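Protein chains: 2
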Amino acid sequence: MSLHVVLTVRKITGIVNGMQSATNEKALVHVVDDDASMCGALEGLFDSVGLQTKTYATAKDFLSASLSDRPGCIVLDVRLPDMNGLEFQTRLAQIGVGIPVVMMTGYGDIPMSVHAMKHGAVDFLPKPFRDQDMLDAVLAAIERDRQRRVVESDDSQLKERFETLSPREQEVMLLVTTGKMNKQVAGDLGISEITVKIHRGAAMHKMGARTYAELVRMADALKPNLRKLGR
Amino acid sequence: MSLHVVLTVRKITGIVNGMQSATNEKALVHVVDDDASMCGALEGLFDSVGLQTKTYATAKDFLSASLSDRPGCIVLDVRLPDMNGLEFQTRLAQIGVGIPVVMMTGYGDIPMSVHAMKHGAVDFLPKPFRDQDMLDAVLAAIERDRQRRVVESDDSQLKERFETLSPREQEVMLLVTTGKMNKQVAGDLGISEITVKIHRGAAMHKMGARTYAELVRMADALKPNLRKLGR
DNA sequence: CGCCGACCTATACATAGGTGTGATCCCGTG
DNA sequence: CACGGGATCACACCTATGTATAGGTCGGCG
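Chains as they are written, first to last, in the working numbering: chain H, 1 to 231; chain A, 1 to 231.
Read the hints as simulated data drawn from the structure, not as lab findings.
These numbers were taken from a predicted model, which means no experiment stands behind them.
Misleading hints may appear alongside valid ones.
List time: in silico DSS-like cross-link candidates among lysine-lysine, alpha-carbon distance up to 27 Å [unchecked claim]:
1. H:180 with A:197
2. A:206 with H:180
3. H:159 with H:127
4. A:206 with H:183
5. A:183 with A:206
6. A:197 with A:118
7. H:180 with A:223
8. A:206 with H:118
9. A:60 with H:197
10. H:183 with A:180
11. H:118 with A:197
12. A:159 with H:180
13. H:127 with A:118
14. H:180 with A:26
15. H:159 with A:127
16. A:223 with H:159
17. H:223 with H:197
18. H:197 with A:197
19. A:223 with A:183
20. A:159 with A:197
21. A:60 with H:183
22. H:197 with H:180
23. H:223 with A:159
24. H:223 with H:118
Build out the structure end to end from the sequences listed, making use of the hints.
Spelled out as structure tokens, the structure:
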């Protein structure tokens with residue numbers, strides 16, 4: 001129990017300092033295309049470089065499937081039976097799925113490709129494409145996903161810790177990390193300085209911050225997430 | 001003298017906390033196209049919404065011109081007499097010009113547009129385009145430039161201040177902002193704790209940090225810049 | 001009801017941070 | 001050579017922080 005806490009503390013401090021954990025899980029490529037022969041061809045291509053593939057005939061198939069928690073990317077035909085590829089991209093963003101998308105199309109034009117790229121697509125390949133181009137795109141997308149997953153997991157771990165703080169401890173942490181002195185925080189909250197010290201100490205412990213500087217960095221890393229959820 | 005210091009201090013702390021200075025300078029659109037009639041048409045279009053325009057017939061013309069220090073963007077034909085628009089984009093990055101680019105073309109294809117977008121273009125418009133689309137792109141590019149300029153000016157101000165610190169003060173600042181205690185820093189540098197306090201205090205003053213938390217944030221904002229120049 | 005956890009407060013002591021005064025040493029510049 | 005700035009250190013003093021001990025209220029839960 002105590003050991004576990006120490007281990008997680010080490011992990012999170014590494015995170016705050018920007019270390020990358022070696023996430024060497026095998027990647028999974030999601031292919032969404034109603035053309036079965038294309039799905040098969042891509043599966044073969046990806047298999048040849050050791051990438052696992054999962055195919056879906058429609059956008060709905062993909063959206064209703066449960067996503068395994070692995071690094072990966074989505075290879076998407078712009079033209080799907082049930083949905084435009086661009087809409088699909090928007091939907092993914094709405095439901096908070098950040099898996100990078102590689103778009104492909106047989107009939108697209110420039111504005112379509114620009115739109116997709118503006119909305120975060122990793123690449124946009126007109127059909128027919130060269131195998132190598134697709135592979136390059138997919139590998140780049142997977143790399144981007146690995147980065148994203150590291151950042152997201154760091155953020156969520158930080159957020160988890162923060163939520164173990166009592167409301168008062170959270171308030172105190174946010175105020176002291178702005179640089180306010182304990183007595184100023186006490187004034188702001190209408191409580192005594194000694195109480196602030198208690199909450200502050202508790203926050204340090206629960207967050208796993210060994211120094212005040214670490215607490216400041218954690219608070220900074222936390223703030224973007226706090227804005228997303230609520231105020 | 002003393003007053004000046006106080007003023008700049010206010011400015012930089014605002015910066016660190018993410019305030020945007022109201023950069024309401026008038027924007028300038030650089031149009032690079034060898035087609036004089038296109039240049040004229042664009043100039044008219046931009047003028048109609050109060051944007052100033054400067055035109056260049058070739059990439060070289062632009063690159064040899066002196067850039068005024070104003071927010072703006074570049075509207076660029078992919079096909080230029082002396083250079084490909086994509087190469088031009090690369091050149092801009094190489095020489096450290098971060099002005100956003102809006103690309104336009106009469107003969108482009110999807111891979112070209114994707115390449116441009118991957119390399120940071122704000123938009124890529126096939127000719128003929130609707131005036132409104134061009135205006136939207138240019139206004140978005142200018143807004144992006146304003147943001148970029150705020151960030152860049154903050155960074156450079158921080159860096160300027162940092163360079164007014166003596167070498168020892170810089171070392172001490174970087175060490176204390178990792179969370180090390182004064183005595184630990186003293187041990188690392190082989191000097192006494194009291195000397196560390198002196199340097200630390202000088203660093204706080206010269207950087208304009210009112211609190212230790214601000215100094216930590218400044219150090220964090222500074223580190224990406226320090227890696228660029230040297231180690 | 002009794003226990004527990006969150007929250008609040010106080011006293012007291014130890015450690016850390018910040019500043020002023022005064023001083024030494026080295027180095028480069030006028 | 002004299003001056004000034006950078007770097008170093010010491011003593012003194014005050015403030016801020018961290019923690020332990022001890023005790024209080026309040027609300028929920030078995």
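Outcome of the hint check:
Between residue 180 of chain H and residue 197 of chain A the CA atoms are separated by roughly 20 Å; this keeps the pair inside 27 Å, and the hint holds. With a CA separation close to 20 Å, the supplied pair residue 206 of chain A and residue 180 of chain H stays within the 27 Å bound. For the hint pairing residue 159 of chain H with residue 127 of chain H, the CA-to-CA distance comes to about 43 Å; that exceeds 27 Å, so the pair is violated. The suggested pairing of residue 206 of chain A with residue 183 of chain H holds, with an alpha-carbon distance near 26 Å, which does not exceed 27 Å.
At most 27 Å may separate the alpha-carbon atoms for a hinted pair to count; residue 183 of chain A and residue 206 of chain A meet this at roughly 22 Å. A C-alpha spacing of about 48 Å is found between residue 197 of chain A and residue 118 of chain A, which places the hinted pair above 27 Å, so the restraint is violated. Taking the CA atoms of residue 180 of chain H and residue 223 of chain A, the gap is near 24 Å; set against the 27 Å cutoff, the hint holds. Of the supplied pair hints, the one linking residue 206 of chain A and residue 118 of chain H is violated, its CA atoms being roughly 42 Å apart against a limit of 27 Å.
This hinted pair does not check out: residue 60 of chain A and residue 197 of chain H have alpha carbons roughly 63 Å apart, beyond 27 Å. Taken as a hint, the residue 183 of chain H and residue 180 of chain A pair is honoured in the structure, with Cα atoms around 23 Å apart against an allowance of 27 Å. For the given pair, residue 118 of chain H sits about 50 Å from residue 197 of chain A by alpha-carbon distance, which is inconsistent with the 27 Å threshold. Restraint check for residue 159 of chain A and residue 180 of chain H: the C-alpha separation of about 25 Å stays at or below 27 Å, so the hint holds.
With a C-alpha separation of about 19 Å, the suggested pair residue 127 of chain H and residue 118 of chain A falls inside the 27 Å cut-off, and the hint holds. A distance of roughly 39 Å separates the Cα atoms of residue 180 of chain H and residue 26 of chain A; the hinted pair therefore is violated under the 27 Å criterion. For the suggested pair residue 159 of chain H and residue 127 of chain A, the alpha carbons sit about 48 Å apart, so the restraint of at most 27 Å is broken. Between residue 223 of chain A and residue 159 of chain H, the direct Cα distance comes to roughly 25 Å. Compliance with the 27 Å bound is thereby established for this hinted pair.
Restraint check for residue 223 of chain H and residue 197 of chain H: satisfied, since their Cα atoms lie roughly 22 Å apart, inside the 27 Å limit. For the hint pairing residue 197 of chain H with residue 197 of chain A, the CA-to-CA distance comes to about 24 Å; that is within 27 Å, so the pair holds. A hinted pair counts as satisfied when its Cα atoms are at most 27 Å apart, and residue 223 of chain A with residue 183 of chain A qualifies at roughly 23 Å. Among the hinted pairs, residue 159 of chain A with residue 197 of chain A is consistent with the structure: their alpha-carbon atoms are about 22 Å apart, no more than 27 Å.
Distance hint between residue 60 of chain A and residue 183 of chain H is unfulfilled; the C-alpha atoms sit about 61 Å from each other, more than 27 Å. With a C-alpha separation of about 12 Å, the suggested pair residue 197 of chain H and residue 180 of chain H falls inside the 27 Å cut-off, and the hint holds. A C-alpha spacing of about 25 Å is found between residue 223 of chain H and residue 159 of chain A, which places the hinted pair at or below 27 Å, so the restraint holds. A distance of roughly 26 Å separates the Cα atoms of residue 223 of chain H and residue 118 of chain H; the hinted pair therefore holds under the 27 Å criterion.
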